[in-house]
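Listed below are the residues making up each chain.
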Amino acid sequence: MKRKLHWLLMALFCGVAVLPILWGIRTSLTPGPEAGSLVPSKVTWEHYRKIISQGRFYRYAANSAIVTIGSLIVVAPLSLAAGYALARFRFWGRKVAPLLLAFPLLPAITFLVPLSRYLNVLGLYDSLPALILSNSAFCIPFCVWMMRNFVHTVPRSLEEAGLLDGCTRLSLLWRIVLPCAFPGLMAVTVFVFVQVWNNFIFAYALTTNQALQVLPKAVVGFIGSWRTDWGGLMAMGVLTLLPPVIVFQSLQKWFVAGMYGLGTK
Amino acid sequence: MTDMPVRKRQIAPTLLFLPAFSLLILFWCVPLIPGLGLAFRSPGPEGVWPSLINYSRLLGELTFRRNLLLSLIYVVGVVGSATPIAYVASLLMTRNIRSLKWSRSLLLIPWVVPPVVSSLIFRNMAWAEIGPLTKLYRLISGQPGLLPLQDSSWAMATIILHSFWRSVPVMTLFLAAGIATIPREFHEAAQTDGATSLQRFWHITFPLTRMHLAVGMLLITAFTLQDAETVYALTGGGPHHGTEVAAVRLFKEAFDYGQFAIAAAIGSFLLAAGLCFMLLYLASFRRAEATL
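In order, the protein sequences belong to chains S and G.
For the first sequence, this note's numbering assigns the number 1 to the initial residue and increments by one for each residue that follows.
For the second sequence, this note's numbering assigns the number 1 to the initial residue and increments by one for each residue that follows.
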């Protein structure tokens, strides 16, 4: 009885979590603006067809992919190295680490104007590397923290054995810590992918060139030009939300383990 | 815990740590300083510096006071609604019932969806005649002709509802992580002593997760206060500035109207709040470490 109640309550929570997404999908499959039920009376793929027949869409998707993967390439090794240092050595970094973690509490939007001027001075304003660097800086504190926690779960004895066998520190990191901290890298991948792919404000503030738009910015751009074309807007939205949802669903157990600060069994 | 054999003044940890650290310093801290200076420059191409004109303008404005009030309503609304629901969900999630395993991946979906996309979905749901939220609001309010996004209070309710929907998953995961750190033996011991599940919650789970609860609420508060994008995409701050929280005001001043000095002045208020959150967070961190 009690168990059934728990199950029902959880089903309710999950229902509420998923329902808006289903509504978005429904709207993207409905021919015109149509009031009524969750299931549309007529299903059409025309909105999707219209979007994927445009070359722009592929450019935006490619930009999103470049920025996301670029940030991953920056964040993953840096956070592994810093996380390893924090987990294994007693040094000044341990004193600043809590500060690092508290940094994202400062509002990102207050940095946008100075950041855009600063990037302008560096000659990076209005470019994809600007987005990669800003997004990476935004993600790095939490990723370092997750990696630190994962390295903690790697038994020291493994490393000591490696040292005895004549490994250098670097090859230790490469041959022993990296394979053991693999779940940590997966957790970092999920976090970075979701944060960077979904990011709108950096793209809005730091790029103006139409050719450099990423998907979330392109979606918002649709409001102005296609005011009432909800079907097209939602189809674009669904195409934008698919990649992070797929990545998250396939790697989520690592990420949850990262949040818990424990290794998975 | 044992650390690596320490040689005096070893350079390895610094070398490993520095790249990540300098990325943060270079792209967060360095731009911050000229950004603060901007708030004290009078607007226009040949602005005077230093000047308090932006502050006197803002503080003399009714709109800005309204921006701050709306920010407060927004934050209190989201934290107040998301916290209890997330607590219940996290208790359910940590019950280790096999049949609940599936729930995790579904429950976390709102966090994964791009904020602007979910905002636009909610915008659609509260849109004129076609949205399910419109119907729901009309039922609740008893006004058959209600247009939620044309009405300040219902538009406000919609942005709170949307951020509530996005915040619950993260908060749940965070609280569940806290609950998972409680040793099983505590509950088993209490159970053998005949404690009911309510008693166990009140005397074991709740006191031991108080810190997680506080930090979770702090995080949601900080993120909601600085959230401009979801409100911008959902209502654009309208109708008639009715949902224009301080963060959206900043965003529009800077990127729609090019009023960088005013934006920086608004930003300094948000930054001050952010610094308070940061200090609270660090204090809780120290306390958590002291109790370990």
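Just to be clear, a hint being listed does not mean it is correct.
[Claimed, not checked] Okay, the calculated beta carbon distance ranges per label pair: (1) S/Gly166 - G/Trp202: 48 to 58 Å; (2) G/Pro144 - S/Val18: 27 to 37 Å; (3) S/Ser171 - G/Met211: 16 to 26 Å.
In short, the hints are calculated from the structure, not lab data.
We treat Cβ as the ideally placed atom computed from N, Cα and C, and that holds for glycine.
Hints, one by one, checked against the model:
Taking the beta carbon of each, S/Gly166 and G/Trp202 are about 57 Å apart, inside 48 to 58 Å as hinted. For G/Pro144 and S/Val18, the Cβ-Cβ distance of about 29 Å falls inside the hinted range of 27 to 37 Å, so the restraint holds. Range check, S/Ser171 to G/Met211: Cβ separation about 40 Å, and the 16 to 26 Å hint is violated.
In summary, the structure is inconsistent with hint 3 from the numbered list given earlier, while agreeing with all the others.
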